[in-house]
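Novice: Sequence:
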Amino acid sequence: MEPIIVHPKNNKEQKVIKAFLEALKIKFENPKTKSEKIDYNPEFVATMERSIQDAKEGKVTRIKLDDIWK
1118 MEPIIVHPKN
1128 NKEQKVIKAF
1138 LEALKIKFEN
1148 PKTKSEKIDY
1158 NPEFVATMER
1168 SIQDAKEGKV
1178 TRIKLDDIWK
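With the working numbering applied, the sequence shown corresponds to residues 1118 to 1187, in that order.
A couple of the hints might just be wrong.
[To be verified] Calculated pairs, DSS-like style, for lysine-lysine (alpha carbon to alpha carbon, straight line, at most 30 Å): (1) Lys1142 / Lys1132; (2) Lys1132 / Lys1144; (3) Lys1142 / Lys1129; (4) Lys1144 / Lys1126; (5) Lys1126 / Lys1142; (6) Lys1144 / Lys1129.
[Said to hold, decoys possible] Per label pair, the in silico range of CB-to-CB distance: (7) Phe1137 / Glu1166: 23 to 33 Å; (8) Ala1163 / Leu1138: 33 to 43 Å; (9) Met1118 / Val1162: 27 to 37 Å; (10) Lys1135 / Asn1158: 28 to 38 Å.
Hint data in this document are derived by calculation from the structure and do not stem from the laboratory.
Here a beta-carbon is modelled for each residue, glycine too, at the ideal position from N, C-alpha and C.
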């Protein structure tokens, strides 16, 4: 089976949908309440964290727009 993504408009709709799924004993999850993070490639996450840290430390190269178009 493939997953179905539902986008409730408000809290009331969300509660009704959850109640419906629970009544039918259909498994579901709410990623915002999951304790673990969404799975990303660990190498990608490490690269992004290094890049963010480098930027905070000023380890960046700035290129002027005029230098790009020469």
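Novice: For the pair Met1118 and Val1162, does the Cβ-Cβ distance stay inside 27 to 37 Å?
Specialist: Distance hint for Met1118, Val1162 holds at roughly 29 Å.
Novice: Regarding the pair Lys1144 and Lys1129, is the alpha-carbon distance no greater than 30 Å?
Specialist: Distance ~20 Å between Lys1144 and Lys1129 Cα, so the pair holds.
Novice: Given the hint that Lys1126 pairs with Lys1142, does the C-alpha gap stay at or below 30 Å?
Specialist: holds, 23 Å
Novice: Taking the Cβ atom of Ala1163 and the Cβ atom of Leu1138, is their distance within the range 33 to 43 Å?
Specialist: Roughly 36 Å apart at Cβ, these two residues keep to the hinted range, so it holds.
Novice: Taken at face value, is the distance from the CA of Lys1132 to the CA of Lys1142 at most 30 Å?
Specialist: holds, 15 Å
Novice: Should the hint that Lys1135 and Asn1158 are 28 to 38 Å apart at their CB atoms be regarded as holding?
Specialist: holds, 31 Å
Novice: For the pair supplied as a hint, Lys1142 and Lys1129, confirm whether the alpha-carbon distance does not exceed 30 Å.
Specialist: holds, 20 Å
Novice: Can the restraint linking Lys1144 and Lys1126 be considered satisfied, given a maximum Cα separation of 30 Å?
Specialist: holds, 21 Å
Novice: Can the restraint linking Lys1132 and Lys1144 be considered satisfied, given a maximum Cα separation of 30 Å?
Specialist: holds, 15 Å
Novice: Return holds or violated for the Cβ distance of Phe1137 and Glu1166 against the range 23 to 33 Å.
Specialist: With a Cβ separation near 40 Å, Phe1137 and Glu1166 fall outside 23 to 33 Å, so the hint is violated.
In this structure, only the earlier hint numbered 7 is contradicted, and the remaining ones agree with it.
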